[in-house]
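Participant: The lines below spell out each chain.
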Amino acid sequence: MNAFIKRYEGLWLFTRSPAAIIAAVVALLSIIGAAFAPFIAPVNPYDLASFSLMDGLLPPVWESFGNSKFLLGTDDQGRDIVSSILYGARLSLIIGLSAMTIAAVLGVGLGLASGYYGGRFDMIVMRIADIQLALPAILTALLIDGIARGILPSEIQQDLRVTVLTLAIALSLWVNFARTARASTFVQMQKEYVQAAIIMGQHPIRVMFVHILPNILGPLLVIMTVDLASAILLEATLSFLGIGLPADSPSLGTLIRIGMQFMLSGEWWILWIPTLFLVALVVSINILGDFLRDVFNPRLR
Amino acid sequence: MAYFILKRLIQSVFVMIAVAFLAFSLFRFVGDPITQMTGVETSIEDQERLRENLGLNDPFVMQFARFTSDMLQGDFGYSYRTRQPVGEMISSRVPATLELGVVALIISLLVGIPAGVFTALRPRGFATQTILMTTLVGVSIPTFVIGIMLIFLFGVQLGWLPTFGRGGTIQIGGWNSSLFTIDGWRALLLPAITLGVYQLTLTMRLVRAEMMEVLRSDYIRFGMARGVPMRSLYFKHALANTMVPVITIIGLQFGGVIAFSIVTESVFQWPGMGLLFLESIRFVDIPVMGVYLVVIAFFFVLVNLIVDLLYAAIDPRLRVKDTA
Amino acid sequence: MLNVENLTVQFPSRFGDITAIEDVAMAIAPGEVHGLVGESGAGKSTVGAAIIGLLQAPGLVAHGQMTLAGTDLRNLTPIEAHDMRGKRISMIFQDPQTSLNPLMRVEYQLVETIQAHEDISAKDARARAVNILEEIGIQNASERINAYPHQFSGGMRQRVVIALALCTNPELIIADEPTTALDVAVQSQVLDLIKELAFDRKIGFMLITHDIGVIAQVADRVSVMRNGRILESGSTGQVLGAPQHPYTQALLDSVPPLDRKIDRFRVPEEADGSSRNDAGDHAEGWLLEGVQQEKVGLKIENLRVAFPGVRTSLWRKPDAFTALHDISLNVKPGSILGLVGESGSGKSTLAKAITGLVNPTAGHIGLGGEILPPGKSRTRDHPSRQIVQMIFQDPFSSLNPRHQIGVILSEPLWLYGLVTDGQERRELAAAMLDLVGMASDAIDKYPHQFSGGQRQRIAVARALLARPRFLICDEPTSALDVSIQAEILNLLKNLQSKFGLTILFISHNLAVVRQMADDVVVLRNGRIEEFGQTQDVYQNPKSEYMRELLELTPILPVT
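Residue numbers (the numbering used here), protein chains in the order written: chain A, 91 to 391; chain B, 52 to 375; chain C, 238 to 796.
Hints should not be assumed to be uniformly reliable.
Some but not every residue of chain B turned toward chain C, in silico, with C-beta under 8 angstroms [claimed, not checked]:
#1 D97
#2 R272
#3 M275
#4 R277
#5 A291
Keep in mind the hints are simulated off the structure, nothing from the lab. It should be emphasised that the depicted structure is a prediction, and the values quoted were computed from it without experimental measurement. We put the beta carbon where it would ideally sit given N, CA and C, even for glycine.
One chain only, chain A, in its complex shape (with noise of 0.2 angstroms):
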């Protein structure tokens, strides 16, 4: 076993170093619960009929007036804060997912076509990446949104809401994927065993993606962790600005802005549980991205 962990040095240094650990613990437990929510979370709470005014505004267990039935509190609505988290985190990984994969898919393949093809090609995509870079993630998710709530007749407004969501993620994201595929692809272009390829009579395609793609996947595993943990912070911060998802089937970024109007007044769970739980979940994230980082940069260690 032992001898099997040397051999391959990212897990060596995986085991080596308790953050990375504590991070992909975290991680994963996070991803488990968000996954299986249906099964674990003791309510549903989009389902209208799971709960009551009457139960609002019930504090933690753990303090006077708890009710066990509700082990982290309730909302004002008299939502289970529990399983609010579990269901929100299980919409915030699912958009911030969706969005990273058609980002990485959309991006590494201009990037890899880019590279490889250079001239005409690669100024238009370089052009059209400038254009994106010129308006942050941000406006672009925000610019999608009001276009959509323009475009779309408000009857499926809502029901595409995390579609719209989704690709407005995923268009400010793309270009990180494209730029490093690029920067990559020109590295391994003038390798030669590109150039055997090429000269031996191999299909474009089957160069770029065959050969040299393998060789570009560990900066591009980096750049996947750090933007899926950017597009978790982004739906974030678009629900809680109200343009996201809506109050009734909220992610963890509504549930923070429906709890910043109790912040003053006490009740405190509704605020700081469901903060915890996006915090927690970005940092393990962004730890498993560093240390991805350093795996595939020796020098750095």
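Given the coordinates of chain A, assemble chains B and C onto it according to the supplied hints.
Facilitator: Same frame as chain A, now just chains B and C:
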């Protein structure tokens, strides 16, 4: 060198045109301007007449040209919501956002750069590990949470600083500034710190990574082999080489600062452009959205251009041609 | 003056302590140029780093003594050690480009170094710096001192580096591969400079290199290193003329002579690896089937390749850069043509033109009688794709690090439709490995598990699996150690004669080309300086350029 400047200039103009095009498409295709401006009572014929008068039936390119020339002359159209000229609405908010952004940026640089250098020079110290952990957490906390926490701590619990709004402003020319009164600064402090924290962590990590990379280079090693004093190696040789790529990133960060100001302004109810933009989204006030877009892009492009010029001024490899 | 005894350096790692060098002993007198020669990984740089106190973390000196004119180098405090660097010992590195701070003028870097060790005014320091620059051969020193590093050419830059090491008057200078990155002519000048400085200023030099020719030209005494140990040491004449240790002998045997052609290099048995067995015969038979076709030759006529210039100025249109001017050459079927040229001569461009990576601006290339479609217009399924195969210079980048050897080798087989069954491909690939002298179980391994020489063999196997008729070898051994080079050259010679391949052998190393080529073409700045049969060109060069190259190439004294 002149060629380089010209190339960058052209690129910037290109980006601006593209953004203007986006904004224009927003105007034209999202919702119907006519129905926004008139009410239900206006007859169809009147609406048609209005459409004709405003030139909305003209070919696309012509409308775009008109749009751009209007913008260049300072005519930004009228808000759907308030019926005020958008230009006035936005320019009245610019000082608030700009001051906030600049102060936040300064805070992030003043703290971030030294912190980055320090952690690069002492990679294994306890202080370094603490700083790294803190910044890691800092990068993971959304800006609005930081804002809320600061409000809670300093505003609610300790009661030292105001929690919303922009106190104590003074008019200088057309510019409404909060930098000249104590009250103004007290109101500015929390939002600026909130906005600056994220930038700070990014700057610090960047400076650290760059510096560690530079410290590994051959010329530093050669310097050590020649017995050049370590202080000189660190702070003259290494730092200078580190700053070069850092400067470009700072340019990008300024854009981030302006963007994140939206969130901070929302949390603190700071009357800047960001808050205006948020409201315009809520009400689908297209004209304001579009112009905001163009203004932000303009700032961004301008800052980047300046940064590029700075870059060229500093790196002799770009300034002086090789002679063999 | 410098005395080293029992020096051992270790690097702690997660696998235990790795010993980089062990029991190293060395002595250098003032004014002596002492060569430290060995192949890559021998530990030569570690010796230098240990002496000057700049071992890369986590290395540490485990045992031994080092003294410099009485000062114990091992027991210095960090401050004392740093003070001594530059003042008494200095070090210069291989790559002059990265050794100088690109943002600072040369003057600043020189003055700063001088002032670090002496209490002297900036004006005086500058004057001294200018003197040194002139002394080492930089003209117009008082003007050029204001320039930035990137404004100097490679050779000049290395002189600046030497000036920096010299300006504090050290007793010992450690030079780690100082001429490896330079062209032959420049290398010769720098080596002469080092010799002069040693003689005039009585500075001791530790000259670390893998090139025995360099040692022969310039070193007074030499130590031979291998695997972290010093195997032999003595005066240059004695060690090179009558080596005691078998490794030294093997090393000398591997160096290709410049003055005559030997049939095969003498290589020690153990270095070769596995011996041939039946599997290799299978590959051989398969390849011989392809020999039924006749041998092909390559004919290039009036080839011209120009690249559009890069715009740097607003006003002037950029000049086109012509890499190749009017090149005509003929590779006779079944022979080896050597292409000799220094960096910038255009030899890589020529290889790219033949393989279709660049578009020629004029002229054509004919393969076996048919004109090749030029550059990008050549389709991917053109027969020349199979017939012409290439072996590259860098064995560390010519194999895809993420593919298994078996996958890499099978590519040409299915790409050209040579073998349709997957299992058969695998067997043939394994057989080919055996043919090139590798163990067949390499099939399932990854490139990083092999050494440079082994990877180059794999590259040869890959080329052969396309059943080529024409091979382009682009500096195939330049990145390899001398003894490995000998093996690979032997391999190529064997394959060529057995399978009737036509080879274009590109190299900057005159001696290697002498050994491999039947005919030779000398390229300079995109033009052909000279061509003809190898023997003629080498013994009676007609062009000034070739004559100079031959003179300046460091050679071993004939035993």
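Participant: Could you run down the list of hints and mark each one as holding or not?
Facilitator: Hints versus structure:
Taking 8 angstroms as the C-beta cut-off, the interface hint given for D97(B) is violated, the closest approach to chain C being about 55 angstroms. A cut of 8 angstroms between beta carbons decides the hint on R272(B): the least distance to chain C is about 7 angstroms, and the hint holds. Annotation: M275(B) was flagged as interfacial toward chain C, and the flag holds, the nearest CB pair being 6 angstroms apart, inside 8 angstroms. For R277(B), the shortest C-beta to C-beta distance to chain C is roughly 4 angstroms, which falls under 8 angstroms, so the interface hint holds.
For A291(B), the suggested interface contact is upheld, since its CB lies about 5 angstroms from the closest CB of chain C, less than 8 angstroms.
The structure shown violates just one earlier hint, number 1.
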